[in-house]
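Chemist: Line by line, the protein sequences are chains L and Z.
Take this note's numbering: the last position of the first sequence gets the number 398, and nothing is skipped along the way.
Take this note's numbering: the last position of the second sequence gets the number 518, and nothing is skipped along the way.
Because the hints were derived from the structure by calculation, they are not lab data.
Don't be surprised by glycine CBs; every beta carbon is placed ideally from N, CA and C.
Zero decoy hints are in this set.
These stretches of chain L come out as covered by chain Z in the derived footprint (C-beta under 8 Å, 3 or more residues):
1. 202 to 214
2. 234 to 244
3. 278 to 292
4. 321 to 333
5. 346 to 355
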Amino acid sequence: MKLLKLVPDNTNIKFLKLRVPFFVLSLVLIFGSWAAVLVNGLNFGVDFAGGQEVRMTFAQRETAPIPQLRELVGGLGYGDPVVQEFGGPQTVSIRVALPEGTENTPGAATAIGDKVIATITAEYPDARKDGNDTVSGKVAGEFRNQAILALLAAMAAVSLYIWIRFEWQFGVGAMFALVHDVSVTVGLFALTQMEFSLQIVAAILAIIGYSLNDTIVVYDRIRENLKKYRKMPMFELLDLSVNETLARTVMTSLTLFVALIPLLIFGPPSLFGMVAAITVGLFIGTYSSVYMAGPLLIWMGVTSNSFVPAESPTDRQEKLARGEG
Amino acid sequence: MLDFPLWKKLSLWAVTLAASLLALPSLANVAGLDWPAALPNPQVNLGLDLAGGSHLLLEAKAGDVRAQRLENMEETVRQLMRNANPRIRIGDVSTADGSLSFMLESAGDIDRARGLIEPVMQGQTTVREWELNVVDGQRMVLSQTDAGIEQAIDDAMDSATEVVRRRIDELGTREPTIIRQGNTRIVVQVPGLQDPDALKDLLGQTAQLEFKLVDLNALPSNVQAGIAPPGSEIFPFAGGTAEQGAAIAVRRLGGIRGDNLTGAQAGVDPQNNRSVVNIAFDAQGGAKFAKLTTENVGKPFAIILDGEVLSAPNIDEPIVGGRAQISGSFTPETANNLAISLRSGALPVPLAIVEERTVGPDLGADSIRKGLLAMGIGSLAVIALMVATYGRFGIYATVALVFNVLMLLGLMALGGFTLTLPGIAGFVITIGAAVDANVLINERIREERARGRKVIASVETGYKEASRAIWDANLTNVISGVALFAFGSGPVKGFAVVLVIGIVTSVFTGVTLTRMFVAGWLRKARPNDITI
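Here chain Z stands alone, though its shape is the one from the complex:
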């Protein structure tokens, strides 16, 4: 137990010093010193509660994903049936109850219809996304499978996370953290951001742009009463527009969506000096847009953003260049926000903010200062207690304690972990609890000496017998630390990280390092008696 060959000593020192050195850049940073640029500079990240900034938790409305998929399927099916040769006539289309159902006019078309629909039921993955049933011989019912919905939500969230990232990058804020959490949530953290309003405006905008033909046959009185003619739907005009409060009926199908954009810029319409957003379609979108405008010259179409009509201009001439201008009642700011949102792509699903935290910039600096002061006083008290109680063995424990704190800080910097406000409490707990191992060992050595064992035997037995309880105690701490990590949001996770890494480093320094110190001294001094 007390035998330390040279290679073992060297490797223990190498590990200790390497991990401790990693703490120096962070310490220099706290002390306000310049760290030489030539050297590696691992830093402990400060959590939002110490650095100040904004934290947002966004949640997707899963129901919207279902509805969207259903609408897409309806459009696909209609197109397939129309383009079939000979055409398959269908009627009584309904999307109630989350499934798409329709009647075939001729029961003989069943097999042909099935043959056309089945290929589009399968998505890109192996998951069965839709289920097709035939009811009463003539009605086909397409329902979404749970796995299909789950897959769709998963895909939507992946791309939503990407869209959120692009939008935040456009704001130019530094080092945002954007992480998908669970099935339907995204965590956004932006250090240093004090006024998250611009960010929230951006994220609150789904930026789902649609161009749909106005239903000219709808009776105005019905539209205002909210009654849509068959095949049409009613959208309100956006706030701030001239027609605010009014509504308009548009053809439900046959419009196009602004998904295929290559660019969007805020601009000014030279004719009336009003803010507009200029958009450019990609080849596919441009072709669709050209087709829509060519076939409907002279008719009005509605520009719809997130379910509200921005404007409903007349199509004066076919627009074939793949470029278009969106007018509405924009201010330069709202035009710019819309341009950013369109550039970064539409959110595939609307996001709601379910949790938001902003931490002031001064609180963190204040907390770090007070935390360091408390940590300093606490460490001195622990050291005084240990040295007064165990003498030389207390000094060894103290040296181990200093290395423990350095190694803990160094490993946190190396692993890129985040120090949070509760993490400061974690440091203090680690300092107070790290010497527990030494207390157990030293008390056992005292006991063995009192029973009359020789010095070396006492020390050996002390380390051996105490290590069992040290092991058990630290493992239960790790278990509660894991529960903490699993439970916590950011700040609490930071606490858990400090506790768990602290347990590992404290067992290393408190047991292994002190044993090396004690062994070295015993070998050199060969004492007949020890004061402990």
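Chain L extracted, bound-state conformation:
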């Protein structure tokens, strides 16, 4: 049986020839993402914005009647509601701000949500209630802080691990790759204005773990080759390492990709944003492990000597004694 080979044997693609333009592109992507977040802002869901959020599914219709819903809920006197598609065309999330002091009255917030649901089901009897969430401003603020803290802690911890297992340059390279992956993913949410919720932060945390897998495979091979080919110029060695591991980089990304795509298409609408984030993060992570994690090593001065054990004072004295120093 002839087996499938997605990547031919012994590829010799000069990835690093374009390292400068691609690195510039990466920087543009990072800063562009930050700009997008600053200009557009993130479309926070109820987790981070606080307030009352109702989710409903209009299974009998092709698309949820969003403009009508906006008008209907807007007429209830809770200010302008945020009505948007949620994961699929039939599902909507409706968010209204909570009036001051609602927290101190048990049930007042949900009563608002219940009223929104009752108003909608009166007009659209086929609408299905999926959820009714209250998040106070205080808890929403805590979620925001926790999210930022968790993302920074995870990035730092993973980079630290890479540093310990390899060398400091590799840790820094991994850190840059992660900043890149996280920034671009968040930037995409700022650009598309898809709802940014706890689930999306969870997705990004998962990306922090998985996007490094490719980087680790390449780094592992770089280390191996550094020991093997002591005389090879660094960028040539990087190209060799990336080429040698290209088949597995492609395959590991592809297996995760083919598993995720059905979930994106057929899966529950409420998971769409999360799965989309992971899928995008997967591609960005593969790209960054080739074009960010690699070239950075050259610029930080990794050489074949990086993995030679450092000379201890005793070694030095012995050397001098032998007259080699």
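Based on the hints, put chain Z in the right spot on chain L.
Modeler: The following block gives chain Z in isolation, referenced to the frame of chain L:
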């Protein structure tokens, strides 16, 4: 590396099969099949986002605990000074700024007063709860230490959690989860509960019942203006009562609290057919209540619930039986709710609802169906890709993948973990990423073969050399998984659990099991060449 003695093979199979079998009851449940009652039945719990239900996050108002402690201390100190022999006269008592301060009329009493107060400053624990200072030779200041407040809040939260549990149990809802979270919070999850209003009414009621004497000397005009006479305080009448909107002045100290109840039942007053709550005191509470009513026959006292006056009846005769009736403007429902709250004890601190989520019942079933469909298609795609690319080695990886999913599900059932909606995504990610180990190994074997190594040597080197990167990659995933777990609330924690257990099972099945399969085949077939 490729040597598998019989005991090793048997134990690997035993672990694999045992963990996989644990998944069967959960699978039967999803498929709607009956699981034989005679067999053990570990099930994966479904999170609220899949099962439907209500989630409440309650937060205690810590400031109330401080104020309460201060008031208790004031009462204790007054009593100690009054009962001292000879009596120690004090004046200018103030509880401003979170500390209790008072003047001794005679500076000579300082040491005696100190001797009396010091024993009550120490609580049951070793923590220093109060600090006593003497200012200007005659003024004593008792302030709460931070450690003391912390301890008090901690105690209050422990008993609040217990009270919440008792109240929810009274509602008869099934399998509620009530967990204390952090310093001042309690998480309540009730699967299947769609209308949490009754629950919230119950939890919103502190049920702090107090009986205090009405201050008959207060000028009505001052009371309505909110000016309390010295030693008194003003409470509003509860909504729905005849005097609603009015207020009443009561003596601040000397009343009793409804903490010592043995029972509370909703009932009907036969005289006027109105709903009432009948309460029964324990011995200690009954004695206090008898004393209060005996000493004040003919005077009115106010029945105060959570800072609102329910009614202010006259004490017609001493009540010594330890039983009393609370009248107010109750409906049968509110009387019943109050009875439940009183039975389960007062909340030592009021709780506010800071987060609430209700998930509809149909969403979860819909999500599981769609999630399973997507998982099925995804698995087939991964399997097809692996078999087409690595042939026999892909088949081994596939078998390992099936065991991986079963073991993951089985271990979740065994550990009593909760499957949430993001957890479904976690399953799919695990399926897609579990074969990564096999990809790394198989690609390495290909490479070694291409370099001209013999079959056995190639396979050995493949497993050995790939395991380093597999180890590093999975450990970084575990690190991010731990961050996920620490960060997340329920659903996200469920995601983290699946990812982390999935990493463990996938390394076991993807590396160890496949190596056993490959070794067995190599030993039997002794191939000169392999297709990979």
